[in-house]
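Residue numbers (the UniProt record's numbering): 1 to 313.
If you are wondering where the hints come from, they were derived from the structure by calculation, not from laboratory data.
One or more hints might be untrue.
[What the hints assert, rightly or not] The following label-pair restraints were derived from C-beta to C-beta distances:
(1) T158 - R80: 17 to 23 Å
(2) V246 - Y24: 54 to 60 Å
(3) A260 - A191: 33 to 39 Å
(4) Q227 - M8: 53 to 59 Å
(5) R206 - M77: 30 to 36 Å
(6) Q231 - T124: 42 to 48 Å
Computed from a prediction, not measured in an experiment: that's the story for all the values here.
Glycine included, C-beta positions come from ideal geometry on N, C-alpha and C.
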Amino acid sequence: MTPGVLGMVLGLVAATGLLLVLAYAPPCRSVRLVDRLAPYVHDTPPPSRLLGTATEAGLLTAVRRIAGPSIGTGARMVDRLLGGRASVRRRLDALGGAMTVEDFRIEQVVWGGLGLLGTALAATLGSVAAGSVNVLSAGLFCLAGAVGGVLGRDWWLTQQVTRREELLLAEFPVVAELLALAVTAGESPTAAIARVTRLSGGELARELGAALGRARAGVPLVDALQQVADQTSLDPLARFIDGLLVAIERGTPLAEVLRAQAADVREAGKRRLLEAGGRKEIGMMVPVVFLVLPVTVLFALFPGLISIVSLSR
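Please build the complete structure, drawing on both the sequences and the hints.
Here it is in C-alpha cells:
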C-alpha cells in the first residue's frame, strides 16, 4: 500500500466520522415530532429508577443504547429496501416470542455491520499480504459482506421457523394422545388442555399454555386457540385446533378425532423419513458414480492402454 493510498483511506475514514458526529450533534440534529409532543402527552411523572424494573439485557438493548438514532435509521432504510413486512411478521409469529419487525430489522443492521467489519478486516489483511490495495475490489467485497449479513439474518429466521415447526410436529402426536386420554377420562377440553400444558413441556404445550393464559385473562378460549392456528403454517396443527374448536363450541366427541389425527401425523412422519432416506441414498450414489466408478474403469483399462502404446512404438 503506497503512502498516497493510505493517506486517502485514512482521510476518508476521518471525514466520514466527522460528518457523522456533526450530523447527530444536538445543534444540528432535528427534533422529532414525538420528542416535541412527549412533554404534553405524558401526564404522569416518571418513576424513580430505584423503584423501576430492571432493564432487559440483550443485544437489542445494548445496540439501542450505544447507537441510538443511527441504528433506527438503518433499520428503517433496510425495511424500505427489502420490504416484505407481512412475510417477516408471519414468520415472527410462527417463531413465537415478543420480537417485533423493528427489532428484527435492527438485528439485520447489526448482522450487516458485522459482515462489513469482517470483510473489511479480511480485505485489509489481504492487501497487507499482497503489498498493494485494489480499492474497487475491496469496496465490492465489503459491500458483499454487508449484504450477506443482512440477508443471512433473514435466512436464519427461516431456519428457526423450520426447526420450530419440526419440533411442533414431533410433539404433536404425544400431546394429542394425552388430550384424548384426558377427554376420555371425563374432563372438558379446557381442563384437558390445562392438564396437558401442566404435565408436558415443549413448543406445542407452550403454545397451548399461552392460549389458555390469554383465555384466563379475558379473551374467549375459541379466539385464543384460533390465534394459535392462524400463526402456524402446519396443516396437521391447524386441523387439530379446528377439532378442538368444534368440540368446545358444539360439544362433539373429541377423543377419537384426536387419536386419528395423532396417527395421521405419525404416518406423515414415517413418510418424511422414507423420503429423506431416498434422497440420502441418491446423494450417496453421487461419489460412487462420479468418483469411484471412473477410478475403477481407469484401473481396469490402464494396463491395456500401456500395452497398446508399447506395441505401437
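Determine whether the Cβ-Cβ distance between R206 and M77 falls within the hinted range of 30 to 36 Å. For M77 against R206, whose Cβ atoms are near 35 Å apart, the range 30 to 36 Å holds.
Should the hint that T158 and R80 are 17 to 23 Å apart at their CB atoms be regarded as holding? holds (21 Å)
State, for the Cβ atoms of Q227 and M8, whether the hinted interval 53 to 59 Å holds or is violated. About 57 Å separates the Cβ atoms of Q227 and M8, which means 53 to 59 Å holds.
Using the beta carbons of V246 and Y24, state whether their distance is inside 54 to 60 Å or not. holds (57 Å)
Return holds or violated for the Cβ distance of Q231 and T124 against the range 42 to 48 Å. Given a distance of about 45 Å, which is inside 42 to 48 Å, the answer is holds.
Looking only at beta-carbon atoms, does the pair A260, A191 fall within the given range of 33 to 39 Å? violated (22 Å)
The structure is inconsistent with hint 3 alone, although it conforms to all the rest.
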